[in-house]
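> Could you build all of it, start to finish, from the sequences and the hints given here?
Number of protein chains: 2
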Amino acid sequence: MFDVLSDDLMQKMDAYWRAANYLSVGQIYLQDNPLLEQPLRIEHIKPRLLGHWGTTPGLNLLYVHLNRLISAHDLDMIYIIGPGHGGPGLVANSYLEGSYTERYPAIERNRNGLQRLFRQFSWPNGVPSHVSPETPGSIHEGGELGYSLAHAYGAAFDNPDLIVACIVGDGEAETGALATSWHSNKFLNPARDGAVLPILHLNGFKIANPTILARIGRQELTDLMRGYGYEPIVVEGDDPKLVHHTLAAALERALADIRAIQAAARHQGVTVRPRWPMIILRTPKGWTGPKQVDGKQIEGTWRAHQVPIASFKDPTHVQLLEAWLRSYRPEELFDASGKFRDDLAVLAPTGHRRMSANPHANGGELLQPLSLPDFHGYAVTQSGPGTVKAEATRVLGAFLRDVMKSNLDAKNFRLFGPDETASNRLDAVLEVTDKEWMAEIEDVDVALGPDGRVMEVLSEHLCQGWLEGYLLTGRHGFFSCYEAFIHIVGSMFNQHAKWLKTCDAIPWRRPIASLNYLLTSHVWRQDHNGLSHQDPGFIDHVVNKKASVVRVYLPPDANCLLSVADHCLRSRNYVNLIVAGKQPEWQWLDIDSAVRHCSAGAGIWHWASNGEDDPDVVMACAGDVPTLETLAAVMLLREYVPDIRVRVVNVVDLMVLQPSSEHPHGLDDKRFDEIFTVDKPVVFAFHGYPWLIHRLTYRRRNHFNIHVRGYKEEGSTTTPFDMVVLNDLDRYRLALDAIRRIPRLAGEVEAATARYWATMQRHKLYIGEHGDDMPEVRDWSWQG
Amino acid sequence: MFDVLSDDLMQKMDAYWRAANYLSVGQIYLQDNPLLEQPLRIEHIKPRLLGHWGTTPGLNLLYVHLNRLISAHDLDMIYIIGPGHGGPGLVANSYLEGSYTERYPAIERNRNGLQRLFRQFSWPNGVPSHVSPETPGSIHEGGELGYSLAHAYGAAFDNPDLIVACIVGDGEAETGALATSWHSNKFLNPARDGAVLPILHLNGFKIANPTILARIGRQELTDLMRGYGYEPIVVEGDDPKLVHHTLAAALERALADIRAIQAAARHQGVTVRPRWPMIILRTPKGWTGPKQVDGKQIEGTWRAHQVPIASFKDPTHVQLLEAWLRSYRPEELFDASGKFRDDLAVLAPTGHRRMSANPHANGGELLQPLSLPDFHGYAVTQSGPGTVKAEATRVLGAFLRDVMKSNLDAKNFRLFGPDETASNRLDAVLEVTDKEWMAEIEDVDVALGPDGRVMEVLSEHLCQGWLEGYLLTGRHGFFSCYEAFIHIVGSMFNQHAKWLKTCDAIPWRRPIASLNYLLTSHVWRQDHNGLSHQDPGFIDHVVNKKASVVRVYLPPDANCLLSVADHCLRSRNYVNLIVAGKQPEWQWLDIDSAVRHCSAGAGIWHWASNGEDDPDVVMACAGDVPTLETLAAVMLLREYVPDIRVRVVNVVDLMVLQPSSEHPHGLDDKRFDEIFTVDKPVVFAFHGYPWLIHRLTYRRRNHFNIHVRGYKEEGSTTTPFDMVVLNDLDRYRLALDAIRRIPRLAGEVEAATARYWATMQRHKLYIGEHGDDMPEVRDWSWQG
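Sequences listed follow chains A and B, in order. Note that full-length UniProt numbering has the first sequence beginning at 1, numbered continuously upward. Note that full-length UniProt numbering has the second sequence beginning at 1, numbered continuously upward.
Don't take every hint at face value.
Stated by the list, open to error - 30 Å max Cα-Cα, derived DSBU-like pairs, lysine-lysine: (1) B/K405 to A/K296; (2) A/K46 to B/K389; (3) B/K712 to A/K670; (4) A/K296 to B/K389; (5) B/K46 to A/K389; (6) B/K186 to A/K296; (7) A/K405 to B/K296; (8) A/K501 to B/K712; (9) B/K670 to A/K680; (10) B/K405 to B/K186.
Keep in mind the hints are simulated off the structure, nothing from the lab. Nothing here was measured: the structure is a model prediction, and the numbers come from that model.
Put into structure tokens, the structure is as follows:
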């Protein structure tokens, strides 16, 4: 156990650790006197103290030990820290190994730089207190807890030489996302993928409570880790010297185990799922900080979580802080100019081996575009609108299959889904690759194997977390999900969108591939699952985020879906939300028209319109089912009011509805007015909650005339047609809406209303018989 | 092992199981010939086959065995099934024990009733295919997976005589929420609370894949369960006779263990956390269904998940279905009239002992109102608006402390929070109760213990799931959460809101206490946590749900928060969302004014207005920080434009903004126009994303004049005042917005704009110095 570190090396590593701790405390507290060259005075201390100390010394300890491991074995390693509140520690280490100054030259490696480093922390126009996009070496925002381990596995997939050291906080370990993330080891292939080394940091406390995993005893905890499929290595202590030795030995053993697992898999083939090592590190919260303040124990309690000495009204607190800072002996760590001493600095790896400068943690640097087959080749051919039916997602599946095939060698594309790839009709992909599976395989299994590139697990959290980790390290992916259940990862989407937004303002962060969602099995076709599976609100959730990073597409048919998907796979730094059904539906546009339509984002469908230069009404729609109902309503209208003039408008790219000042895709007012008119009634059939259309269009000149129908939480297990009826989105209702709003048809309204109710009576019988639902819509030759 | 069941009893239980299975298959398939009195023909089969068979036989097996256990030991037990797709099984069992007919008299216990029972399933205007509010005995919607075990623990809290049998599907076990729910046993007190008996049903497959837990080997699985703190009892097999015996023995053992644990805790006191039993039941998916269809294995594979025989184009499939149905020997199970045979029916418990008629599963039947202290007694006293500061949530904390105290004997109130009760300044509650904690306790711990009624765990999923289970079984609760992270349970909120909406239409579902959220540590005061902690979008998410079940409150100060909280604790069947800050802020209303203001939902603040009969501008606000900025803007305006006439409007109840046709709280148009005028500019400062105000008001006459400021994803770690500046919500911007919109001040705009920019320049210096942020606002005597 004492073999790994010489006494000299241990002493130096301890000094390096002290330096990182000193810089961490300095960031939290100091605005001046960064090297303590003068006695500490109140005016050296920031007026507002913001930051998290408790987790930081442990993160710093692991950093210096991982540095030793990297240097000793020339490892390619990145560092993901779940307890991301420990931002000062990561900033400190990046500074110590020089990458911080490379990214931010004003933060020089001298006294001035130190002072700037300290002042900028948790300061207006400075850096956040958490690990954030501004932190070199990070792919993981430290604000919302629970996603570290999923990110770590995502980063490790298809990176055979990479080891992802992932610190799991014992607080975040209580979250749902983290609790299931341990099972990611059933999806990691030791031959093809890299390794994840989870390090559960038991510092024992959250902000106000002990943690569960620190209070269940060692046996239960190691049972739990074995149950999750890991071999735990326990390191425990509060004497730095002893912990240095045992931790170094533990890391050597873990690395040896990883190497043995990989060697076996790579030389003898992947046969069984290995039992990967993991480390349990139990050290005091706020270790090396003040033992007591005002008579209360700080170190080793939840009181060390944030700022251990929070008030300086008591002058002895200044002395307490000074003593704490001087306990790290800064004069031994920095030279007279304030530069970190060379004999310590050499302990860090160099160049890209530094965890804070590893290109995997700035994935855009490694990003290669996908090789994409020409999507025109997958188009549904048709002799005219409404002449053929197709399942949009099945058509997309063939395209995705060949995207997968074209990039098998590049190993940079994966498909993610919570047990739904086949249900969502993308299973053509399984013709060219398996679903990844490292757990046991039985005879009945189909398309499962260790080399699969389709990631299926019944956890939206894992799908999202893995995909984020995969994208952030410079690869590509596609996530298909039931529309209603994508809300499970609403908060993860928030954090990813915020990450992208922040990166937009950081020049050294290179663009990464967009996060592409396909939401299907959508609200209008939950025939047997009913109310619990009906929720189109994720669109609303997404459009709350910065316009620069979000895009929403509602392709009305398969060819439009192809065009949109191709576009999304080429895009960078966005979250693209695509909503499309999987059921057989009428098709409207040939592929060339689809491309033109999708490029414009919205447009008039002349073939479905008549007299469109001076329409009585604009029938607008967004979404596949609303498009069908709108077109059927148009047929009813021309039958009932032969001389009616109707303009049909379809919207694919929902963002065109916003003013161009609000979203880069927003139509300028002139173009919007050309399409939607400035004074004609607009009956708008929308896939989601109707008020979203109002929210997007309220600044438009004709907004007052826009009348929207959409989902309003009605219906459950029933026929698709009954669903649109119950939500007033059906063709009869849309036709009636139009008639009611056309002034010259005022005399018709009463008769049309009566006719509507008679139709609904028939409809009630009709759905009672549970028959076929969608009358056909074919003939587009206007006779009027 | 063969001691528990006599051969005769085993045979009868097997017959009971066959009856439940027969009725389950009948629901999925048959629209006629319910007793198979004629040879099965295609017209007896539903034209559209919707449902889930795979999990159902296992659920039915457990039901009959739990029935035996209940009868043998006179147990008070409810049944929560995670694999809620197995709806037909629960409906079948409720029908067999008579409670279904009691709730739905048309579903008689004869041939006609059987036919109706079969036809209504997954049929328009019938019942959903999942377990749903319509299912007697259920408190758990079976659509979105992952929440069964958290619901089970919530139901067990404070119900010492109740045992909650909770079936965890091996599919749902992969979700994050379920993966962390196992740890709920660290929060269950065996003396005070009831018991949860988790039964992990390993049927091996999801919709398209094997499950993780079925493919990790028995040792890892039992290690995992021991690591979670349970003692697993494994039951495994595919021979019904053997499984009957081993399952009966396993349940007896589990019950004995539960009773022993409870007896020890109740007689000798709670000393150590017990190792509760749990059962692992491994049986084939779709057990007793077709072995093969079209040459493909069905039973024991994922292909049994939904409808094993899905198409009847092949006429032999009708024979296959008939053989399957007849394998249950319906003629032995039902008499000539179609009634379930008495000698089998007597196996079920009676009255409230039936799991489908247990009042805990219709919690409103048991609901007792909270004893509430008079909230006036906790009011902040003040000599006028803006004369005193208070921390709103701390004031609320004192009230909640006494709510807790007043209901300690009734044991029907708990507070829930993800490690944030103290951070959210509700810690006065800890003066009268501890935080519940059954894991190890150390000397440093404070306010932790086995009798606590504050539920803290770092998992929003567990807080939400426990609270839902607690409410659905007839108790009361309050959930405080950081505003940004409540999105973690956005999907759980969806399902609960849908449950409440559905219950509104089910007469026998009695009203339950509302689910009360307090969102604090909100977007405007994330001074050190920054961007990741800033997200007010949950309001948008909530208002998408049915108006009949959602309420949103933004109290501007502590006294309003008291009034709102009191109201919410008295309300029923809603989700109440309260957003309020925790920081010291100026107070505006004395308690009587606060009550009047909150009852109205919105109103003119005359004391802050002048010339309000004919205002130049309406300055509206919703939320505590926007209210402060609005009032400060008013002070700037009257200084800069002494003769300006300003009306100040504050909105507490956001739902008043909607038309009364859209929400029961909506102001009628007359009252809305009285407050907001029909033609004056309205500058609206809003807590959340600004477009929500447009979405709520777009039908109002003066909507065109409403100009909204709110959060737009700007700012990170910075001062509170800088946050409002960066999002254009600051007092200077609001004042400028007003001046720009008042026609008679057209000549002032240029000077005001210049002044604004000069102010902002000073502001930049100001925040650079990181000083105090919020200038005081006190003097409300208008001089004009």
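> Decide, hint by hint, whether the structure agrees.
Do the hints match the structure? See the list:
Using a Cα cut-off of 30 Å, the hinted pair B/K405 and A/K296 holds, with the two alpha carbons roughly 28 Å apart. A C-alpha spacing of about 24 Å is found between A/K46 and B/K389, which places the hinted pair at or below 30 Å, so the restraint holds. The suggested pairing of B/K712 with A/K670 holds, with an alpha-carbon distance near 26 Å, which does not exceed 30 Å. Taking the CA atoms of A/K296 and B/K389, the gap is about 29 Å. The hint holds against a cut of 30 Å.
Between B/K46 and A/K389 the alpha-carbon distance is near 24 Å, which keeps this suggested pair within the 30 Å criterion. Proximity of B/K186 to A/K296 is assessed by CA-CA distance (about 27 Å); at most 30 Å being required, the pair is judged to hold. Between A/K405 and B/K296 the CA atoms are separated by roughly 28 Å; this keeps the pair inside 30 Å, and the hint holds. Our distance criterion of 30 Å between C-alpha atoms is met by A/K501 and B/K712, whose separation comes to about 12 Å.
Taking the CA atoms of B/K670 and A/K680, the gap is about 28 Å. The hint holds against a cut of 30 Å. Restraint check for B/K405 and B/K186: satisfied, since their Cα atoms lie roughly 24 Å apart, inside the 30 Å limit.
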